[in-house]
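Participant: Letter by letter, the chains look like this.
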Amino acid sequence: MRKQLLFVTYQNEDFDEGLSYAIDLAKAMSEDLTILLAHKNKFLKRFEEIMSAISFAEADEHETAREILSLDPDSPSGKKFCTLMDKCQNAGIAAKVYTVAKDAATAIKDFLKQKNRVDMVLLSPSVTENGNISSGELQRLVRTASRPIVTMAKQFYAA
Amino acid sequence: MAFSILVAEDEEITLNNIIETLKEEGFEVTGAKDGNEAMQKIDSAYFDILVTDIKMPGMSGIELLDKIKEKNPETEVIIITGFGSIGSAVKAMKKGAYDYITKPFDLDELLLRINKIHEQKQIKKENIALKTFLGIHKEVTIIARSERMKKILSVIEGMQASDCSVLLTGESGVGKNLLAKIIHFTSTRKDRHFLSINCATLTEELLSSELFGHEKGAFTGAVTTKQGLVEIADTGTLFLDEISELSPNLQAKLLKVVEEGEFYRVGGTRPMRVDVRFLAATNQDVKRLISDGRFREDLYYRLNVMQINIPPLRERVDDIRPLSTFFLQKHLPKSGKKISGFTKEAMDILMNYSFPGNVRELENIVERAIILEKTSQITPESIPQSIRLLQIETLDPDKLKTADELIKEYAEKVLKMFNGNRTKAAEILGMSRTSLWKILKEE
Chain A
1 MRKQLLFVTY QNEDFDEGLS YAIDLAKAMS EDLTILLAHK NKFLKRFEEI MSAISFAEAD
61 EHETAREILS LDPDSPSGKK FCTLMDKCQN AGIAAKVYTV AKDAATAIKD FLKQKNRVDM
121 VLLSPSVTEN GNISSGELQR LVRTASRPIV TMAKQFYAA
Chain B
1 MAFSILVAED EEITLNNIIE TLKEEGFEVT GAKDGNEAMQ KIDSAYFDIL VTDIKMPGMS
61 GIELLDKIKE KNPETEVIII TGFGSIGSAV KAMKKGAYDY ITKPFDLDEL LLRINKIHEQ
121 KQIKKENIAL KTFLGIHKEV TIIARSERMK KILSVIEGMQ ASDCSVLLTG ESGVGKNLLA
181 KIIHFTSTRK DRHFLSINCA TLTEELLSSE LFGHEKGAFT GAVTTKQGLV EIADTGTLFL
241 DEISELSPNL QAKLLKVVEE GEFYRVGGTR PMRVDVRFLA ATNQDVKRLI SDGRFREDLY
301 YRLNVMQINI PPLRERVDDI RPLSTFFLQK HLPKSGKKIS GFTKEAMDIL MNYSFPGNVR
361 ELENIVERAI ILEKTSQITP ESIPQSIRLL QIETLDPDKL KTADELIKEY AEKVLKMFNG
421 NRTKAAEILG MSRTSLWKIL KEE
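Heads up: the protein sequence lines correspond to chains A and B, in order. Residue numbers are given in our numbering: position 24 of the first sequence equals residue 24, and the series is strictly consecutive. Residue numbers are given in our numbering: position 167 of the second sequence equals residue 167, and the series is strictly consecutive.
Just so you know, not all the hints are guaranteed correct.
[Claimed, not checked] Dumping the calculated DSS-like pairs for lysine-lysine here, alpha-carbon to alpha-carbon at most 30 Å: (1) B:151 x B:121; (2) B:116 x B:216; (3) B:408 x B:374; (4) B:71 x B:95; (5) B:253 x A:115; (6) B:344 x A:3; (7) B:287 x A:115; (8) B:413 x B:374; (9) A:27 x B:337; (10) B:344 x A:154; (11) B:150 x B:116; (12) A:3 x B:216; (13) A:113 x B:287; (14) A:3 x B:181; (15) B:287 x A:109; (16) B:424 x B:438; (17) B:253 x A:3.
Just so you know, the hints here were simulated from the structure itself, not pulled from any lab data.
Using the sequences and the hints, build the whole thing.
Facilitator: Here it is in structure tokens:
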């Protein structure tokens, strides 16, 4: 059984850049990819959606605001799931996808307990940005994971 | 494992003469006065050659030949025939005997045949080793510009005369396999076999068979007897990669070989003895595996006589540039391109990247860059976009510190700056001497 890279991101998030990196690294290491779709902290996500809806409402785009507020935060996006699998297959990487109704730190901890063949954990930019995972949680994860934890952040260049 | 011969002969004088002559040649020889006694010996030990008289009380030489070929097909049989019984000798040859010799015979004739078999078996063993896995590499190149890698090579140099087991630890892609080869090819066993196996790639049953071999009929599909890597690596080195993936059952079997040099083939009833040097590697925290009950502590201590931890590439940045150049020179010829090196911008990207995949990842990046590059130097555009667009950090448990650890580290730095003057250091840090003392004394 080949070793795995565990790529962690959120459902309903843009994971393109992080996924491309994970695929490149899996190719370089001749390892398979396991993708864990975790849940963002529900409160924060819902708060973000409400704020977005308010912005649209203030701009008189009430239809859009209503759509945002009617989104079910718990349903995984089937379309994105297929895109994700297609990307991996096109790159020649064997991938498995798991969705979990837990926050990222808990999901990773629980997953690593069951699966021994994970070589390293890659956290997508969305996981480490905006306080989605606290530094305390990250530190605990690093200390208990027994494998490298790789974080990604978008590079910003001065104009 | 010494070359072992069983001689079955009911004439005592002939038997003793043969045994004495063969022992003088350095062979391990056992005698039996008849076929039944010979069969008992075969049931309890393995023999490379059986020399048997054709006519013996009880079980004849032909019957003995049938039985030994069924049990150990790889044991070669030399039949001793009497004058006038060539027909029996031919019959024996058809049943698989290697050769025959007629009485009265010169012991040198017998010795000639035995030496021929010995040589053929040695060649066969070497061929198996060469075909099976990595074979014998006479040149192993390592790039070590950083102080940490130089230190490791110095340790390996100091081990040249030693035969001790070594445990190599480090992340995936740091070069554990390469270091294992270097340890072997700088050792006293350098002209012997170096074999390796990844313990994670096979199921327990297949791994057991690969390592320890199996007897014919040991399981479904075992149509012949097979030598395992432990046997083939006799007098050489066996490298076990991802040792932490071994099942408890295989860990127990391996412990016996490491401790006593003895093992049983799968389905076997006779112990085999070998002289093998073991090197092992893992990227896991073995002590944690031991405390979780997933790895044997006694096996760990047997394999860990010497431990070498290979640092990740991000902790030996001095190696990145020479490694990149090495991989460029390695992979360039097959591309047919003329690329002289890296632009400064491209090398800066590599030097600032944390390489979670270590040296293996670097080699892959350079190999891909050669394919994509259209100019005479590797430019940033040939390096994966994901590396250029993202800030990648690899976090180590050793590198993450608590606030208290950071404070203590800083306090120690300040104290050092003032040559141990605690009053001055405390003043600069804005705390009392007592507070400073408490911080510094904490473990």
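Participant: Could you grab the alpha-carbon distance between residue 424 of chain B and residue 438 of chain B and see if it respects the 30 Å cut-off?
Facilitator: The given pair, whose Cα atoms are some 16 Å apart, holds under the 30 Å limit.
Participant: When you check the alpha-carbon spacing of residue 253 of chain B and residue 115 of chain A, does it fall within 30 Å?
Facilitator: holds, 25 Å
Participant: Take a quick look at whether residue 287 of chain B and residue 109 of chain A sit within 30 Å of each other, Cα to Cα.
Facilitator: holds, 19 Å
Participant: If you draw a straight line from the CA of residue 71 of chain B to the CA of residue 95 of chain B, is it 30 Å or shorter?
Facilitator: holds, 14 Å
Participant: Does the alpha-carbon distance linking residue 116 of chain B and residue 216 of chain B stay inside the 30 Å limit?
Facilitator: holds, 25 Å
Participant: Sort out whether residue 3 of chain A lies within 30 Å of residue 344 of chain B, counting only the CA atoms.
Facilitator: violated, 34 Å
Participant: Can you confirm whether the C-alpha distance between residue 3 of chain A and residue 216 of chain B stays at or below 30 Å?
Facilitator: violated, 33 Å
Participant: For the pair we were handed, residue 27 of chain A and residue 337 of chain B, check the Cα-Cα distance against 30 Å.
Facilitator: holds, 23 Å
Participant: Are the Cα atoms of residue 113 of chain A and residue 287 of chain B separated by 30 Å or less?
Facilitator: Satisfied, since the Cα-Cα distance of roughly 16 Å is no more than 30 Å.
Participant: Checking one constraint from the list: CA of residue 287 of chain B to CA of residue 115 of chain A, max 30 Å. Satisfied?
Facilitator: holds, 18 Å
Participant: Take the C-alpha atoms of residue 344 of chain B and residue 154 of chain A, compute the straight-line distance between them, and say whether it is at most 30 Å.
Facilitator: With a Cα-Cα distance of about 22 Å, the restraint between residue 344 of chain B and residue 154 of chain A holds, given a limit of 30 Å.
Participant: Take a quick look at whether residue 151 of chain B and residue 121 of chain B sit within 30 Å of each other, Cα to Cα.
Facilitator: Between residue 151 of chain B and residue 121 of chain B the Cα gap is close to 41 Å, so the pair fails against 30 Å, i.e. violated.
Checked against the numbered hints listed earlier, the structure breaks hints 1, 3, 6, 8, 11, 12; every other hint is satisfied.
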